[in-house]
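J.: In order, the protein sequence lines correspond to chains A and B. Under numbering that gives the first Met the number 0, the first sequence has 46 at position 47, and the numbering climbs by one with no breaks. Under numbering that gives the first Met the number 0, the second sequence has 108 at position 109, and the numbering climbs by one with no breaks.
Treat the hints as calculated values from the structure; they're not laboratory data. Errors might be hidden in some of the hints.
Just so you know, same-sequence chains aren't split out, so a pair can sit in one copy or run between any two.
As the list claims (entries may be wrong) - Dumping the calculated DSS-like pairs for lysine-lysine here, alpha-carbon to alpha-carbon at most 27 Å:
id: 1; residue 1: 8; residue 2: 18
id: 2; residue 1: 37; residue 2: 49
id: 3; residue 1: 30; residue 2: 54
id: 4; residue 1: 30; residue 2: 51
Protein chains: 2
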Amino acid sequence: MNSVDILIKNLSSLPGIGKKSAARIAYYLLKADRNYIKAFANSICDAVEKIKNCKTCGNYTEDEICEICSNPGRDKNIICVVEMPQDITVIESTGIFTGQYHVLMGHISPIDGIGPDQINIKQLLQRLDKENIGEIIIATNPSVEGDTTALYIQKLLAGKEIKITKLASGLPVGGDLEYTDKLTLVRSIQGRLPL
Amino acid sequence: MNSVDILIKNLSSLPGIGKKSAARIAYYLLKADRNYIKAFANSICDAVEKIKNCKTCGNYTEDEICEICSNPGRDKNIICVVEMPQDITVIESTGIFTGQYHVLMGHISPIDGIGPDQINIKQLLQRLDKENIGEIIIATNPSVEGDTTALYIQKLLAGKEIKITKLASGLPVGGDLEYTDKLTLVRSIQGRLPL
């Protein structure tokens, strides 16, 4: 196996990249400028070496505490619990949420051997003891694992005087009632709102 | 811009990788094993540093002369002219061609400012002077640029006593006459074969 084959094999191990795309990318890289390639390879190592998890919320950051946790302008009273750091990027892009985050780094999934201790639930409880939190929005994915995780956290916090909410499930904006799947429709009926 | 954003930007500059795929790959890399990441980044630099063009045919190789050119079992009498090294991989995968190759590293495309001097046509003529070649198969892409390049080479070799052929154009195997585009159908009628 020569170095091109190794590169193609490595590239095809990336999510969403098949063998053909990997070959296409490899041949593109071989034709590209040497300095660009070095910068590209460095940016991979750089990101992996510099990025760590925020000591408070678990978000990816280059510092001890992430930008959001260290921002005095953010609402310290509300925490939005998400599965992964990329979920924060999506919620931040809406601009509607101004509170704190907490990243679980996964979800409860007994099939994959991931229990509550394997994700950052303990750290969330510690934060609730230390910080003055009035509301927790559980923004796990609307999947079986996400819902399980949400339910687990809800039960854990049952005794505490904290308002617990979750993201509304229902019809996507611009969607079509006719083509909406049954489960989504069930949730949008259960969660119907007064007009 | 932190190192994750830089990585995402770099990844999205690859062919076929959009912003969402780039983010997905970046977050995958951040969660991956450090040693794997280093090996991955190294394989990029490695390939770009080690791989050069074969002195004879222009194919990618780690040596001076590529595997195919240095293989005494290959037919030295016939050269298949292709646009890019990846075309060799595809033709080799069929196992039907046992001759030599010549890689043009592109095609003639006046719009992009690529004339005959920017691709390895001169090197092909030099080979024809030195080597004893009986047939040239022009296997450029069945596109406007590929056909232009084929025509140009054909005219260049008009005086020489070399058989010049090109790949047959026509219906793809397993295809459907009804859904074949007009140009392909025209070519398959023009190139009809006796039964």
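J.: Of all the hints numbered above, which does this structure not satisfy? Sort the numbers upward.
T.: none
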